[in-house]
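The lines below spell out each chain.
There are 2 protein chains.
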Amino acid sequence: MTFNVVVDVAWKEEILDPAGQSTAKVLQQMGYAADNLRIGKQIRFQLQAPDVAQAETAAREMAQRLLANPVMETYAVRVVAE
Amino acid sequence: MTFNVVVDVAWKEEILDPAGQSTAKVLQQMGYAADNLRIGKQIRFQLQAPDVAQAETAAREMAQRLLANPVMETYAVRVVAE
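Top to bottom, those sequences are chains B and F. Going by the numbering used here, the first sequence opens with residue 1305, and the numbers climb by one from there. Going by the numbering used here, the second sequence opens with residue 1305, and the numbers climb by one from there.
Take these hints with a grain of salt, some might be off.
Repeated chains share a single entry, so a pair holds when one copy, or any two copies, can fit it.
Unchecked claim - Lysine to aspartate or glutamate pairs mimicking DMTMM-like chemistry, simulated, CA-CA at most 25 Å apart: (1) K1329 - D1355; (2) K1329 - E1318; (3) K1316 - D1355; (4) K1316 - D1339; (5) K1329 - E1360; (6) K1345 - E1365; (7) K1329 - E1386; (8) K1345 - E1317; (9) K1345 - E1318; (10) K1329 - E1377; (11) K1329 - E1365; (12) K1329 - D1339; (13) K1329 - E1317.
Because the hints were derived from the structure by calculation, they are not lab data. Just so we're clear, the structure is a prediction, and the values are computed from it rather than from any experiment.
Build the full structure now, drawing on both the sequences and the hints.
Here it is as structure tokens:
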């Protein structure tokens, strides 16, 4: 079966995000009341697996081993059957 | 009121994503059956607005004007009351 996987990767709270800070500053200069802006990644892919449980296990492994840096980043994994 | 805003930014389908292709290749070499991998951004921030409708309007404007490049990227905006 083919599954659609979405992995959201975000900086941990204690990690500075200078690009996010700059973006917030520009939004404020444009007149928007935005603050605490953080820029993360959203990785989408298709995954072949026998069932949703095995797809979720594999997707979590992929996030932990390659897609995120667990020292500095947190991640959330969603798996949806195609 | 303070709202939490999440903006997902993804490359349009017709735009190549070499970083995504490289990542898929590495995952395949690691033994995972992943394909069609695309790396987008997920931008999170807090926004002051009188109500959720005005927060959504402002967030969409921000995505269109600064957070995404509408020529090459699509975006999805979610607003949640804090």
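Hints versus structure:
1. When the C-alpha separation of K1329 and D1355 is checked against a cutoff of 25 Å, the pair qualifies only between copies, where the shortest distance is 23 Å, while the shortest distance within a copy is 45 Å.
2. Taking the closest pair of Cα atoms, K1329 and E1318 come within 25 Å of each other only inside a single copy of the chain (20 Å); across copies the shortest separation is 32 Å, beyond that limit.
3. For the identical chains of this complex, K1316 and D1355 are neighbours neither inside a copy (31 Å) nor across copies (29 Å), given an alpha-carbon limit of 25 Å.
4. Within a single copy, K1316 and D1339 get their C-alpha atoms as close as 17 Å, which meets the 25 Å cut-off; across copies the closest is 28 Å, which misses it.
5. For the identical chains of this complex, K1329 and E1360 are inter-copy neighbours only, at 20 Å across copies versus 38 Å inside a copy, given an alpha-carbon limit of 25 Å.
6. Within a single copy, K1345 and E1365 get their C-alpha atoms as close as 17 Å, and across copies as close as 21 Å, so both meet the 25 Å cut-off.
7. For the homomeric pair K1329 and E1386, the shortest alpha-carbon distance between copies (21 Å) is at most 25 Å, but the shortest distance inside one copy (40 Å) is not.
8. Within a single copy, K1345 and E1317 get their C-alpha atoms as close as 15 Å, and across copies as close as 17 Å, so both meet the 25 Å cut-off.
9. In the homo-oligomer, the alpha carbons of K1345 and E1318 lie at most 25 Å apart both inside one protomer (17 Å) and across protomers (20 Å), since each shortest distance falls under that limit.
10. For a Cα distance limit of 25 Å, the shortest separation of K1329 from E1377 qualifies both inside one copy, at 23 Å, and across copies, at 22 Å.
11. In this assembly of identical chains, the alpha carbons of K1329 and E1365 lie at most 25 Å apart only when taken from different copies (16 Å versus 36 Å within one copy).
12. Taking identical chains as interchangeable, the C-alpha atoms of K1329 and D1339 lie at most 25 Å apart only when both belong to the same chain, with a minimum of 8 Å there against 37 Å between chains.
13. For a Cα distance limit of 25 Å, the shortest separation of K1329 from E1317 inside one copy, 19 Å, qualifies, whereas the shortest one across copies, 31 Å, does not.
Comparing the model with each earlier hint shows a violation of hint 3 alone; every other hint is respected.
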